[in-house]
Amino acid sequence: MSLGHSRYNAAVNTLSSILLTNQRSHCTTVSDTSTISAVRDYFIELQTAICNTMEAEDGEAQFTQENIETPEGGLSRPRVIDNGPVLERGAVQFSHSKGASLPPAASQRNPELAGKGFEATAISMIMHPRNPFAPTFHANLRFFLVDDSYWHFGGGFDLTPFYPFAEDVLHWHQVAKDACDPFGAELYPRFKEWCDEYFVLTHRQEPRGVGGLFFDDWHEDGFEKSFALTRSIGDAILQAYLPILQRRKDTAYGDRQREFQLYRRGRYAEFNLAIDRGTQYGIQSGRRIESVLASMPPVAIWKYNWTPEPGSPEAVLYDEYLKPRDWLTELT
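Numbering (numbering that gives the first Met the number 0), first residue to last: 0 to 331.
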């Protein structure tokens, strides 16, 4: 067994023990403070496991360690890794926030909740590898509790390759499906479609990547099953991404591939700043701006009216991958 797989197995074992502990301890009523504490504890343990695994995978760079408390009783734990041989930039952010009025970005789909007091806990992460053949990935999980009367989970994960490989996309979506299937065979196609619809640069009519899972305002089947589904998706993050990173991180590349990577990172920056509800929520809720923008790529470029040469490796991304597809059927 490779060192990388050993690290992955150790991380999965850690997350499995967390899941079992939370299954025994979390309560059934969302009005009880121990409910959000159980979600918060899981997100913190997930943050630690992912940081430890990705730090070991990089081999040199280390995540910053900050714990920032707020006057309202909230907590922010930004973890950022920079300028490593494998990870040019990575961020794994945990937050637990409280407020007297729900920000507009969090009540957009439920306007009747606007202005109400809330409590929220979330984990959000992004990895920008240095190698252009290693894709960027993003994931987040969150839980909102509004005035003890309304709650929901949300989150998911998505993959953004620059030079895509069919086996990577197939693996990504198979792990996503496996995470959802224990809770209903209809969930993966439902969450996949939701992801395809959300991660689109609407001003360009262009998907951000090859998708994955996305769900929001989720409270179907009650708190117990919703939390279990959220944990299953969280536990799948390393299983989905780490094998892909390990396959691609040492691939030889040159200036052409690097330039295309930076060009496509520009699209990533556009989405984060212009469209992403998580970024909007962070700004509107008054979160520390350094933490909110830590997900941005460290370097990006824009070219005026550029298109890839037909038939080129760069054109493959546009022609074959930047479109919603039934990946598990078409690539199997």
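If you are wondering where the hints come from, they were derived from the structure by calculation, not from laboratory data. For each residue, glycine too, the CB sits at the ideal point set by N, CA and C. Hints may be right or wrong, so weigh each one.
[Unchecked claim] Estimated spans, in silico, between C-beta atoms of each pair:
id, residue 1, residue 2, range
1, THR306, ASP146, 47 to 55 Å
2, ASP81, TRP301, 40 to 48 Å
3, ASP220, LYS322, 31 to 39 Å
4, THR331, ALA113, 42 to 50 Å
5, GLU71, ASN51, 49 to 57 Å
6, ASP249, ASP81, 32 to 40 Å
7, GLY72, SER148, 18 to 26 Å
8, GLY72, PRO307, 48 to 56 Å
9, PRO312, THR69, 16 to 24 Å
10, HIS218, PRO307, 37 to 45 Å
11, SER231, THR331, 19 to 27 Å
12, PRO323, GLU166, 16 to 24 Å
13, PRO309, ALA113, 42 to 50 Å
[Said to hold, decoys possible] List of simulated lysine-lysine pairs, DSBU-like, C-alpha gap at most 30 Å:
id, residue 1, residue 2
14, LYS224, LYS248
15, LYS302, LYS224
16, LYS248, LYS97
17, LYS115, LYS97
18, LYS248, LYS115
19, LYS176, LYS224
Hint by hint, here is what the structure shows:
{"no.": "1", "hint": "THR306 to ASP146: 47 to 55 Å", "in the structure": "50 Å, holds"}
{"no.": "2", "hint": "ASP81 to TRP301: 40 to 48 Å", "in the structure": "22 Å, violated"}
{"no.": "3", "hint": "ASP220 to LYS322: 31 to 39 Å", "in the structure": "32 Å, holds"}
{"no.": "4", "hint": "THR331 to ALA113: 42 to 50 Å", "in the structure": "45 Å, holds"}
{"no.": "5", "hint": "GLU71 to ASN51: 49 to 57 Å", "in the structure": "30 Å, violated"}
{"no.": "6", "hint": "ASP249 to ASP81: 32 to 40 Å", "in the structure": "20 Å, violated"}
{"no.": "7", "hint": "GLY72 to SER148: 18 to 26 Å", "in the structure": "20 Å, holds"}
{"no.": "8", "hint": "GLY72 to PRO307: 48 to 56 Å", "in the structure": "51 Å, holds"}
{"no.": "9", "hint": "PRO312 to THR69: 16 to 24 Å", "in the structure": "47 Å, violated"}
{"no.": "10", "hint": "HIS218 to PRO307: 37 to 45 Å", "in the structure": "43 Å, holds"}
{"no.": "11", "hint": "SER231 to THR331: 19 to 27 Å", "in the structure": "22 Å, holds"}
{"no.": "12", "hint": "PRO323 to GLU166: 16 to 24 Å", "in the structure": "20 Å, holds"}
{"no.": "13", "hint": "PRO309 to ALA113: 42 to 50 Å", "in the structure": "49 Å, holds"}
{"no.": "14", "hint": "LYS224 to LYS248", "in the structure": "37 Å, violated"}
{"no.": "15", "hint": "LYS302 to LYS224", "in the structure": "47 Å, violated"}
{"no.": "16", "hint": "LYS248 to LYS97", "in the structure": "39 Å, violated"}
{"no.": "17", "hint": "LYS115 to LYS97", "in the structure": "11 Å, holds"}
{"no.": "18", "hint": "LYS248 to LYS115", "in the structure": "46 Å, violated"}
{"no.": "19", "hint": "LYS176 to LYS224", "in the structure": "17 Å, holds"}
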